Amino acid sequence: MTQVLAVDRLTYAYPDAPAPALDDVTLHVEEGELVVLAGRSGSGKSTLLRLASGLVPHVHGGTVSGTAIVAGMDVRDHGPGELAAVTGSLFQDPETQVVMGTVRNELAFPLENRGESPAAIARGVEEAALALGIAHLLERPTHALSGGEVQRVALAAALVGRPQLVLLDEPTSQLDPVAGDELIGLLRRLNEEWGTTILLAEHRLERCLTAADRVIAMADGRIACDADPQSFLTWAHDAAPALETPGARLLANVGLSPAPVGVKQARSTLRAHGALPPNALLPPNADRAGGAGETILAAPPAKSSSPATGPARHGNRAPALKLRGVWVEPKGHPPILRGVDLSIAPGQRVALMGRNGAGKSTLLRHVAGLASPTRGKIERSGRVALLLQNPNDYLVHERVAEEAPTEALAAVGLSDFADRHPRDLSGGERQRLALAIVLGGEDVEPPAVLCLDEPTRGMDRAHKADLAVLLGRLSATGTALLVATHDPEFAALVADRVVLLADGAPIADGAAADVLAGGWYFATETARILRGAGGALDPDAGAALVRARLASHPTPAEVQRQ
Amino acid sequence: MAPRCSVSPLHAARAAVGCLLCAVLALPALLFDSPLVLGAVCVSAFAIATAAGESRPLLRALLFALPFALVIALLNPLVTRNGLTVIARLGEAPVLGRVDVTLEALVYGCVLGLRALALILCCALYAAVVDPDEVLRLFRRVSFRSALTATLATRMVPVLQRDGRRMADAQRCRPGPPPSRVALVRAVAAGALDRAVDVAAALEVRGYGTARRPPRVRVPWSRHDAAFAAVALALLTLTLAAWLADVAAFDAYPLVHGDWDTGTWTLAGALVLLPLVPFLDRRGVGR
Numbered sequence: 081m082t083q084v085l086a087v088d089r090l091t092y093a094y095p096d097a098p099a100p101a102l103d104d105v106t107l108h109v110e111e112g113e114l115v116v117l118a119g120r121s122g123s124g125k126s127t128l129l130r131l132a133s134g135l136v137p138h139v140h141g142g143t144v145s146g147t148a149i150v151a152g153m154d155v156r157d158h159g160p161g162e163l164a165a166v167t168g169s170l171f172q173d174p175e176t177q178v179v180m181g182t183v184r185n186e187l188a189f190p191l192e193n194r195g196e197s198p199a200a201i202a203r204g205v206e207e208a209a210l211a212l213g214i215a216h217l218l219e220r221p222t223h224a225l226s227g228g229e230v231q232r233v234a235l236a237a238a239l240v241g242r243p244q245l246v247l248l249d250e251p252t253s254q255l256d257p258v259a260g261d262e263l264i265g266l267l268r269r270l271n272e273e274w275g276t277t278i279l280l281a282e283h284r285l286e287r288c289l290t291a292a293d294r295v296i297a298m299a300d301g302r303i304a305c306d307a308d309p310q311s312f313l314t315w316a317h318d319a320a321p322a323l324e325t326p327g328a329r330l331l332a333n334v335g336l337s338p339a340p341v342g343v344k345q346a347r348s349t350l351r352a353h354g355a356l357p358p359n360a361l362l363p364p365n366a367d368r369a370g371g372a373g374e375t376i377l378a379a380p381p382a383k384s385s386s387p388a389t390g391p392a393r394h395g396n397r398a399p400a401l402k403l404r405g406v407w408v409e410p411k412g413h414p415p416i417l418r419g420v421d422l423s424i425a426p427g428q429r430v431a432l433m434g435r436n437g438a439g440k441s442t443l444l445r446h447v448a449g450l451a452s453p454t455r456g457k458i459e460r461s462g463r464v465a466l467l468l469q470n471p472n473d474y475l476v477h478e479r480v481a482e483e484a485p486t487e488a489l490a491a492v493g494l495s496d497f498a499d500r501h502p503r504d505l506s507g508g509e510r511q512r513l514a515l516a517i518v519l520g521g522e523d524v525e526p527p528a529v530l531c532l533d534e535p536t537r538g539m540d541r542a543h544k545a546d547l548a549v550l551l552g553r554l555s556a557t558g559t560a561l562l563v564a565t566h567d568p569e570f571a572a573l574v575a576d577r578v579v580l581l582a583d584g585a586p587i588a589d590g591a592a593a594d595v596l597a598g599g600w601y602f603a604t605e606t607a608r609i610l611r612g613a614g615g616a617l618d619p620d621a622g623a624a625l626v627r628a629r630l631a632s633h634p635t636p637a638e639v640q641r642q
Numbered sequence: 007m008a009p010r011c012s013v014s015p016l017h018a019a020r021a022a023v024g025c026l027l028c029a030v031l032a033l034p035a036l037l038f039d040s041p042l043v044l045g046a047v048c049v050s051a052f053a054i055a056t057a058a059g060e061s062r063p064l065l066r067a068l069l070f071a072l073p074f075a076l077v078i079a080l081l082n083p084l085v086t087r088n089g090l091t092v093i094a095r096l097g098e099a100p101v102l103g104r105v106d107v108t109l110e111a112l113v114y115g116c117v118l119g120l121r122a123l124a125l126i127l128c129c130a131l132y133a134a135v136v137d138p139d140e141v142l143r144l145f146r147r148v149s150f151r152s153a154l155t156a157t158l159a160t161r162m163v164p165v166l167q168r169d170g171r172r173m174a175d176a177q178r179c180r181p182g183p184p185p186s187r188v189a190l191v192r193a194v195a196a197g198a199l200d201r202a203v204d205v206a207a208a209l210e211v212r213g214y215g216t217a218r219r220p221p222r223v224r225v226p227w228s229r230h231d232a233a234f235a236a237v238a239l240a241l242l243t244l245t246l247a248a249w250l251a252d253v254a255a256f257d258a259y260p261l262v263h264g265d266w267d268t269g270t271w272t273l274a275g276a277l278v279l280l281p282l283v284p285f286l287d288r289r290g291v292g293r
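First to last, the sequence lines map onto chains U and C. For the first sequence, our numbering gives the first residue as 81, with consecutive numbering after it. For the second sequence, our numbering gives the first residue as 7, with consecutive numbering after it.
Just so you know, the hints here were simulated from the structure itself, not pulled from any lab data. Just to be clear, a hint being listed does not mean it is correct.
Only pairs whose alpha carbons sit at most 25 Å apart, straight line, appear in this in silico SDA-like list of lysine to any residue [said to hold, decoys possible]:
no.	chain 1	residue 1	chain 2	residue 2
1	U	Lys457	C	Asp175
2	U	Lys457	U	Ala398
3	U	Lys411	C	Arg180
4	U	Lys457	C	Pro181
5	U	Lys402	U	Arg445
6	U	Lys411	C	Pro181
7	U	Lys402	C	Pro181
8	U	Lys457	C	Arg178
9	U	Lys402	U	Ser441
10	U	Lys457	C	Arg180
11	U	Lys411	C	Asp175
12	U	Lys344	U	Ala320
13	U	Lys411	C	Arg62
14	U	Lys457	U	Arg510
15	U	Lys411	C	Arg229
16	U	Lys402	U	Gly558
17	U	Lys344	U	Arg627
18	U	Lys457	U	Ala528
19	U	Lys411	C	Arg178
20	U	Lys411	U	Ala398
21	U	Lys402	C	Arg180
It should be emphasised that the depicted structure is a prediction, and the values quoted were computed from it without experimental measurement.
Throw the hints in and build the complete structure from the sequences for me.
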């Protein structure tokens, strides 16, 4: 087989960086492989992708030793322009990667740069648009696209030239679960039908491991593991729990093996051990909390699904936020919000979910008072703090200490960073700093409601857990949380109630265990494995259910032995 | 300030014609000192933008340009020694020396300010009605890098506007007193630099660095192409003829003197009215 990417003993450091971003890396990627790059933030995944595209070292500078060959071209001798003939790249923050005025021109640009004929350009644009489901956007101006649309357009521009090697850095970070799954499916198809080699960096591994041939885990700029997905999960359980998928953790917690790469394999393993009876295939909305005998509901419902922690707990208190018949109807455009009624109690933690364009961000902006609804009323019991998607937009000073009061920095765990420049912080730290800014100090009224818009975009699992703990502490002081997110795992971690928006109106509103355990897309991996049984959303709750099932029902093997 | 597709006859015209019209409109602002002609260029830019449904971007440009023009108008009388009619004696100034403000210098300052305003409005009109992607295609055969730099500079305007709006929203979410304007300007500048680096990286990975000469694509001329091209050529001829014939002459020094005769008014009227004629034919154009 031909090697598309061959990296040998490569060490690279960004200019003025104290430590190398890539440290003695050796890896070879064969033609037609779909390789997932795993690792925590700052582990070197993005740098490796930028190396393969030639941006490192040609655009970023720095020092490099060792060799990196992409489709026969040494990246030290060939710049990104030449490597673009064989690679297609999509990096984080796709908004910065769209350079033309319309979607059609954006897709045509790489082909025009290659000097393709007009007919070849037209065909390439059409096919890429159809493959990515953006044919209806072709004549739209790029500045009028939503975040999810921009991501698809940027991906189409990366794929339009049918590159040998596709380099993708968190391509699903701005996509809803439906679009994210579709995208991974599309990548698999490109990989299988066109033989395209794909190198994909992703934090939400549960989304892409089933499509992967191989997983490379990075830590501190080095390759910590290079194995097939199943072996990687076995390795991660002991060496890097933060990289373990919820499904793998669920089975590991109950001592079952092998580590499942996807939902299907996890269910198969559970079924083989008698922990998932065949008739557990409940329809999504079947009774889950009541412990029906045909499912693995012998154990009490998981804590997160208990009504005591859901909306009922907050039912008798005056709401922190109340929306009554809120409509947002921009002139000349269809309504974005359609008669939204929503009430949130003090201290309640609400996750707002829905497809791209469902109206989540608009709802948050109106709740925070950045815009006024066309019709309807929004009542707030106090100040509403809003953390927008991009924390950089909040950072305007030269020192962290100037950005937020001392007590707010302490609350988010940034006291030690007071003298640093805000733009020198990592992504997760910037997010916490922006949170400290909107929370304010003792001299301002504590927020009655804290709204967060996609706070985990590009965050690794460990940082998400840290953020969930921080938000939990805030809600314990009585601040209601309203978190717009595409990430069901984070929603399960942080929310006790989930509101599902579709086309500008809530279509589901209930305890997190009810909403997140009952769907196909807006559901955690644990819930999908267990088909919503017991309302278990996380591996620990799921493991408790499975253990209870195993205790009450002997496995087929045990039955045979008896 | 990004052009919309085919929402007006001017949007529907090819980029070459749009560029030509904007350039021809800017030419009188460079050749003539007459306030009437300069004012006519400003009015014409606004009238064209309004007919094309793009008056708002020009209003925004005007808001940005007015203080700039005012500074030029006020600075000129302080730094120039020309003119015979002294209207104020400001005494000795540390750097400027003796400052006597003359009426002529003040008038010429206003002419310079008006010229800056006219040129900025012509540029804003170009940004609003000409598709930068088409401009890129147009000029890439001649000088790819220059064309790309120019079109991207145009495209960065809406991108930075959007960034600015996002940042303004974020600052509104801050409790307590807002940050100083200096801090905001610094942050916006830093953000713009970050953006520029990101865009440069995106261009590189799309193959910009090794762009090949694209094949020539022949597109038949539409009625809108022909109409606006004819108007642009007529305006160009009229402007050059008027300049050569010393029509609309204006001198600020040593004493203010200008032509306000029929020729000057005809030129100003033509500058305003001629470009509007092609907008009467809206066939093949829809919002």
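Each hint tested on the structure:
1. U:Lys457 to C:Asp175: holds (21 Å)
2. U:Lys457 to U:Ala398: holds (16 Å)
3. U:Lys411 to C:Arg180: violated (29 Å)
4. U:Lys457 to C:Pro181: holds (23 Å)
5. U:Lys402 to U:Arg445: Given pair U:Lys402, U:Arg445 holds - Cα atoms ~14 Å apart, limit 25 Å.
6. U:Lys411 to C:Pro181: violated (31 Å)
7. U:Lys402 to C:Pro181: holds (22 Å)
8. U:Lys457 to C:Arg178: Satisfied, since the Cα-Cα distance of roughly 21 Å is no more than 25 Å.
9. U:Lys402 to U:Ser441: Holds. U:Lys402 to U:Ser441 sits at ~17 Å (cutoff 25 Å).
10. U:Lys457 to C:Arg180: holds (23 Å)
11. U:Lys411 to C:Asp175: holds (21 Å)
12. U:Lys344 to U:Ala320: holds (23 Å)
13. U:Lys411 to C:Arg62: This hinted pair holds, its Cα atoms lying about 16 Å apart.
14. U:Lys457 to U:Arg510: Not satisfied, since the Cα-Cα distance of roughly 33 Å exceeds 25 Å.
15. U:Lys411 to C:Arg229: violated (32 Å)
16. U:Lys402 to U:Gly558: Given pair U:Lys402, U:Gly558 holds - Cα atoms ~16 Å apart, limit 25 Å.
17. U:Lys344 to U:Arg627: Given pair U:Lys344, U:Arg627 holds - Cα atoms ~19 Å apart, limit 25 Å.
18. U:Lys457 to U:Ala528: holds (17 Å)
19. U:Lys411 to C:Arg178: holds (24 Å)
20. U:Lys411 to U:Ala398: Status violated; Cα separation ~35 Å.
21. U:Lys402 to C:Arg180: Status holds; Cα separation ~22 Å.
The earlier numbered hints that this structure contradicts are 3, 6, 14, 15, 20.
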